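**Student:** Read top to bottom, the protein sequences are chains A and B.
Position in the first sequence counted from 1, then plus 503, gives you my numbering.
Position in the second sequence counted from 1, then plus 27, gives you my numbering.
Any given hint could be a false lead.
Here chain B is said to cover these stretches of chain A; the calculated rule only asks that three of the stretch's residues, wherever they fall, bring their Cβ under 8 Å from a Cβ of chain B [unchecked claim]: (1) 595-601; (2) 617-629.
Taking CB as the label site, the calculated pair distances span [claimed, not checked]: (3) A:514 with B:57: 23 to 33 Å; (4) A:575 with B:97: 16 to 26 Å; (5) B:32 with A:644: 51 to 61 Å.
Hints listed in this document are in silico derivations from the structure and should not be mistaken for laboratory results.
Since this is a predicted model, take the numbers as computed values, not measurements.
All C-beta atoms, glycine included, are put in the ideal place defined by N, C-alpha and C.
Spelled out from the first residue to the last, the chains are:
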Amino acid sequence: MISKNSLPDQHVGEEVVLHLRRHWFIFLKIFLFVVILALIPMALYYMISQNIPTIIESDIGYPLLLVLFLSYYLILLVAILTVWTENYLDVWTITTDRIINREQNSLFNRIVSELELKMVQDVTAEQKGFFPTVFYYGDVYIQSAGEKERFVFEQIPQPYKIAKIIQQLDEKAKKNSPERI
Amino acid sequence: MITIVVFYYLYLVIVLFFVIYSFFNIYHLIRFGFASFTNIIIIVAYLIAATFLIAYSFILLNQVDWSLPLINLPVGQLGGSDINI
Numbered sequence: 504m505i506s507k508n509s510l511p512d513q514h515v516g517e518e519v520v521l522h523l524r525r526h527w528f529i530f531l532k533i534f535l536f537v538v539i540l541a542l543i544p545m546a547l548y549y550m551i552s553q554n555i556p557t558i559i560e561s562d563i564g565y566p567l568l569l570v571l572f573l574s575y576y577l578i579l580l581v582a583i584l585t586v587w588t589e590n591y592l593d594v595w596t597i598t599t600d601r602i603i604n605r606e607q608n609s610l611f612n613r614i615v616s617e618l619e620l621k622m623v624q625d626v627t628a629e630q631k632g633f634f635p636t637v638f639y640y641g642d643v644y645i646q647s648a649g650e651k652e653r654f655v656f657e658q659i660p661q662p663y664k665i666a667k668i669i670q671q672l673d674e675k676a677k678k679n680s681p682e683r684i
Numbered sequence: 028m029i030t031i032v033v034f035y036y037l038y039l040v041i042v043l044f045f046v047i048y049s050f051f052n053i054y055h056l057i058r059f060g061f062a063s064f065t066n067i068i069i070i071v072a073y074l075i076a077a078t079f080l081i082a083y084s085f086i087l088l089n090q091v092d093w094s095l096p097l098i099n100l101p102v103g104q105l106g107g108s109d110i111n112i
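Just chain A, same shape as in the assembly (with noise of 0.2 Å):
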């Protein structure tokens, strides 16, 4: 595991200010889904109990029920690890000289990117929907000079105090870098 102090490639002085995640309540809503989804074999049953009770009682319908919702038990416990592992692992780490993205697209899929934060042109933070209203997360766009133009910080707590912070910290890099942009 990384230690949460550490960088890739560390600049000497460069030092962590945040790390970033998405917002605890995209973790409730993935989880609500779950439990959802985990209620539909018993419902069926149920159903099957209730309407068709020779399927149950019989010799083949029994275990062919059983291992089917079985299956479906261990596929969604594994489907609900890897929608974790690929939120969980989405991180955007803002440190005194750079911005570094860390995505994890799909299991298999993994892209790290990171700007120099004297190479930042703009930040902009959007709220947009009910539940990031309420909830107060949403999304923080940075525009830049570098290769890769556009950062997204996808569904963070509180954009527009990090926006703020980025464009505190890229106005002191701005003023300490040698280099003028």
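Got chain A; can you put chain B on it based on the hints?
**Tutor:** Below, chain B without anything else, positioned relative to chain A:
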């Protein structure tokens, strides 16, 4: 004679898929995740839940008589013996 044990073998294939996929997920969480309380708790909780689910499933499956034929056609009325497939 094909018995209902084919369902059991099908379930074993799904368990194998489950174990392999779970391994890759936990590998990613350990390799790329932070050394945090949340990460460790999730991994431990998942391993406990997976172990419980697989153990409980085999307890239930062991109660089934897998030697029963898959299809049993009674053809006694036609003068022959039952056809078991």
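**Student:** Each of the hints needs a verdict: does it hold here or not?
**Tutor:** Evaluation of the provided hints:
no.: 1; hint: 595-601; in the structure: violated (count 0)
no.: 2; hint: 617-629; in the structure: violated (count 0)
no.: 3; hint: A:514 with B:57: 23 to 33 Å; in the structure: holds, 27 Å
no.: 4; hint: A:575 with B:97: 16 to 26 Å; in the structure: holds, 21 Å
no.: 5; hint: B:32 with A:644: 51 to 61 Å; in the structure: holds, 57 Å
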